[in-house]
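Enquirer: Residue-level listing of the chains:
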Amino acid sequence: MEPVISREPVISVTNLSKTYQNGARALDDVSLKVQPGEIFCLLGPNGAGKTTLVRILATQLLPSAGKVSVLGQDAIAHPELIREDMAIVPQEGRPGQDLNAWDYVYWYLRARGMVAREAAARTEATLKEMGLWEIRRTMTAKLSGGLRRRVLIAMAVATGAKLLFLDEPTVGLDPEARVATWDLIARLRKQATVVLTTHLMDEVEALADRIGILAQGRLVAMGTARELSRFVPSKTKVVLGEGLELPWLAARGEVAVRGRQVAVYPFDEAATREIIDRASSNGVSFAVAAVGLEDVYLRVVKEHGEVVAS
Amino acid sequence: MKRTLRQLWAVTMLFGIEWFRRWPIIIGLAIFPVAIYLVFFLFGGESVGKQVMYGMLIAGSITTGITSLAQCVVFTKSLRIQEMFVTSPISPLTYAFGIALSRLLPGLISTVLFMSVMLAVGYIEPAKVVVTLLLVEVSDILGAMLGFLVATYFPNPQHIGGLAAMLGFLLTMVPPVLYPLDVLPPTWQYAMGILPPTHAAHLLRAFNGVSENAALPVWVSALALLFFFVTSVYLVARRSRWREV
Ligand SMILES: Nc1ncnc2c1ncn2[C@@H]1O[C@H](COP(=O)(O)OP(=O)(O)OP(=O)(O)O)[C@@H](O)[C@H]1O
Ligand SMILES: [Mg+2]
Chain A
1 MEPVISREPV
11 ISVTNLSKTY
21 QNGARALDDV
31 SLKVQPGEIF
41 CLLGPNGAGK
51 TTLVRILATQ
61 LLPSAGKVSV
71 LGQDAIAHPE
81 LIREDMAIVP
91 QEGRPGQDLN
101 AWDYVYWYLR
111 ARGMVAREAA
121 ARTEATLKEM
131 GLWEIRRTMT
141 AKLSGGLRRR
151 VLIAMAVATG
161 AKLLFLDEPT
171 VGLDPEARVA
181 TWDLIARLRK
191 QATVVLTTHL
201 MDEVEALADR
211 IGILAQGRLV
221 AMGTARELSR
231 FVPSKTKVVL
241 GEGLELPWLA
251 ARGEVAVRGR
261 QVAVYPFDEA
271 ATREIIDRAS
281 SNGVSFAVAA
291 VGLEDVYLRV
301 VKEHGEVVAS
Chain B
311 MKRTLRQLWA
321 VTMLFGIEWF
331 RRWPIIIGLA
341 IFPVAIYLVF
351 FLFGGESVGK
361 QVMYGMLIAG
371 SITTGITSLA
381 QCVVFTKSLR
391 IQEMFVTSPI
401 SPLTYAFGIA
411 LSRLLPGLIS
421 TVLFMSVMLA
431 VGYIEPAKVV
441 VTLLLVEVSD
451 ILGAMLGFLV
461 ATYFPNPQHI
471 GGLAAMLGFL
481 LTMVPPVLYP
491 LDVLPPTWQY
501 AMGILPPTHA
511 AHLLRAFNGV
521 SENAALPVWV
531 SALALLFFFV
541 TSVYLVARRS
551 RWREV
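Those protein sequences? They're chains A and B, same order as listed.
FYI, my numbering numbers position 180 of the first sequence as 180, with every residue one higher than the one before it.
With the second sequence counted from 1, adding 310 to any position gets you my numbering.
Please note: incorrect hints may appear among the correct ones.
To be verified - Quick list of in silico lysine to any residue cross-link-like pairs, SDA-like style, CA-CA up to 20 Å:
id, chain 1, residue 1, chain 2, residue 2
1, A, K142, B, R331
2, B, K387, A, Q60
3, A, K67, B, E554
4, B, K312, A, V115
5, B, K312, A, E84
6, B, K312, A, E80
7, A, K128, A, D174
8, A, K67, B, V555
9, B, K387, A, A141
10, B, K387, A, Q91
11, B, K387, A, D98
12, A, K142, B, I327
13, B, K387, A, G96
14, B, K387, A, T140
15, B, K387, A, L62
16, B, K312, A, A116
17, B, K387, A, Q21
18, A, K142, B, R332
Everything labelled a hint here was simulated from the structure, so no lab data went into it.
Bound-form chain A, shown alone (with noise of 0.2 Å):
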């Protein structure tokens, strides 16, 4: 794999929109820059858009307005010219033919154009990394749903792809397996580009350069996890447990209640203060911490929506 040296960037989009044939509208006039050999993660609710946007990326469907340029190219009209370099873990993929993992990358690899010996030692190699060596002789369709997702996320590393798009590739996977995708995901990173949608926060600490959330289809948000944190008042937060009244707590902070606990997010370092003092005082539980990218996520999403009712 040859290192990516260009400065241009790898994904360019530009004002993009996608109305599916039954009026569903995905996404919403989004433009964004991916740099090369840049992990980007994609963040966003249940129907925000990010397959949508990924599989537009991919070449895989036509957007409704925009322009998207990939790795150079323009990727609506000569999407033929670009495919050579990516490769894609498809959100619900699942290998379930009477094929084991062995079978499915070093064919996949060999369709691809790869000559035998390349496609031995690549299949080879990933399989190790990805901890299906041992198994690579079982059937997929016996294998555990983890361990097959596991198969399709070695078919399109193995390729060596410059630009790599994995939609949500690690859900099901045991946290162990789970860490070492993110090891074979952050030593690709320089050698190749990374497109990542996720839910899991931690997926996105442990990986991220930068970080794009959509929610109903519009980039609400976009930059590092640091830049990201501005859009949180506070460095801090107070989890509490049930038994402080919301209005109080409503005048000494941001308050976010969520299932059983009460995040409290305080205008100033008083009134943490004034929050721990009366939750001793009361026996309510309560914790500080840092703010993360969690508290971004729930704080960006929800403006969002506010907007969109009113």
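Since the structure of chain A is already known, use the hints to place chain B with the ligands on it.
Expert: Frame of chain A, contents of chain B with the ligands only:
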């Protein structure tokens, strides 16, 4: 060119290996026509049996082509494996033909098994085996192309198997495939000419000297089969577009 062939072979293997592993199906496909033959032989004697046996070669290849391919296309689409091929250097035509071949190769094994039976009982001359096989493969590919087209028009996994089976039935039971062409009046012989299996069966019987006093000339059938073959390949090329709208 070399690369395209390599890709074609790999797609064939990727979708075909599982069939080679399912040898009971392959043997089953070979036994089925023999069973049909026995039934007709018992009720109609040798000449009817022979007619039907040749008809079964065509009917069998067309139905397996249609149903298995339609199922396979929809299957790979619903499992989303197909998307991995879209985002790759593999052209849609290579993909379509690879899948078609992946069904033909195992089908070929059953055809060869069946034809060995025909050879053993002296129903086919050794010198005519190769051309016969070729004709059978042409109808196989025709069936596969039709299956592919059906799958692109009716992409519903629940119905595709049934739809394809219905189409296969119509294409092999209605036209003179299992029965001789000359039982039909001349105008009907030409009318049945709109269905490709008519010509495949006609050619096959004429070539192997199974008597038919057909009004439809053999050269017309040869041309018609060529026409259907080219047209179906063209349609598949047009329909196998990678991109959704
Ligand atoms: N093939 C389709 N035809 C019509 N509408 C579609 C199609 N695919 C997606 N949609 C609609 O487009 C919108 C965006 O869907 P998309 O799959 O892109 O969301 P997503 O962000 O990937 O969601 P998830 O997190 O659940 O995967 C949804 O409203 C969905 O119903
Ligand atoms: Mg999705």
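Enquirer: Determine which of the earlier numbered hints do not hold for this structure and return their numbers in increasing order.
Expert: none
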